[in-house]
Amino acid sequence: QVQLVESGGGVVQPGRSLRLSCSASGFTFGTYGMHWVRQAPGKGLEWVAVIWHDGSNKYYADSVKGRFTVSRDNSKNTLYLQMNSLRIEDTGVYYCARDAGREGNFDSWGRGTLVTVSS
Amino acid sequence: QSALTQPASVSGSPGQSITISCTGTSSDVGSYHYVSWFQQRPGNAPKLMIYDVNKRPSGVSNRFSGSKSGNTASLTISGLQGEDEADYYCSSYTSTSTWVFGGGTQLTVL
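Protein sequences, first through last, are from chains A and B.
End of the first sequence = 120 in my numbering, gap-free, step of one.
End of the second sequence = 116 in my numbering, gap-free, step of one.
Some clues are possibly wrong.
[Said to hold, decoys possible] Here are the computed lysine-lysine pairs in the BS3-like style, where the Cα-Cα straight-line distance is at most 27 Å:
| id | chain 1 | residue 1 | chain 2 | residue 2 |
| --- | --- | --- | --- | --- |
| 1 | B | K53 | A | K77 |
| 2 | A | K44 | B | K53 |
| 3 | B | K74 | A | K66 |
[What the hints assert, rightly or not] Looking from chain B toward chain A, a few residues come up when the C-beta cut is under 10 Å (computed):
| id | residue |
| --- | --- |
| 4 | Y40 |
| 5 | S42 |
| 6 | F44 |
[To be verified] From chain A, some residues computed to sit far from chain B (all C-beta separations above 12 Å):
| id | residue |
| --- | --- |
| 7 | G10 |
| 8 | P15 |
| 9 | G16 |
| 10 | A62 |
Everything labelled a hint here was simulated from the structure, so no lab data went into it.
Computed from a predicted model, the values in this text were never measured in an experiment.
Idealized CB from N, CA, C, for every residue including glycine.
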């Protein structure tokens, strides 16, 4: 079955960097677009970024544009989110989610990894 | 990229039907069929309940249905059950090739 496992979260100071990973299994990773979605403590979902199946196109939320970079390694079935110049408001649980296109955008989600930006 | 507008909370009694609205603009909900709904229980990841406005993924109860009119999408849950108590979020594709979520609606089953 589809499995997505995020890792790389932790506590980091404002202005520093962090790289998140999302390891995929149970499906042909290289044929699906992938999203990052975050959720601040006690708040709603916020879409962060999407990358096409082959990495040819990437789009970002205005709140992270220029600071975050989404990438993927289809040979390793892994999605990444490089987060630079982190701000306190970037704190939250970061989920990766699969985009199954005609069978549903955001059809499968990982359990998330917590990022805490604090001095 | 303003969030879609959802009511903060709705409630209903077991067996009743409830509807949650999701209002966007002509740049997102009003222009695309890519509206989805998610259920999130405390401590859990979101779960896809409806996609492409009104399609249900395999395994999702047919008590859940979706619709759209103009810039507003709706999720209806019929025959309300205690297990439906959760937060619900809508999402939509946008004209800038990005995605946007609603602020979320807390459903209470009385």
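Each hint, compared with the structure:
no. : hint            : result
1   : K53(B) x K77(A) : holds (26 Å)
2   : K44(A) x K53(B) : holds (17 Å)
3   : K74(B) x K66(A) : violated (30 Å)
4   : Y40             : holds (6 Å)
5   : S42             : holds (6 Å)
6   : F44             : holds (7 Å)
7   : G10             : holds (14 Å)
8   : P15             : holds (23 Å)
9   : G16             : holds (24 Å)
10  : A62             : violated (6 Å)
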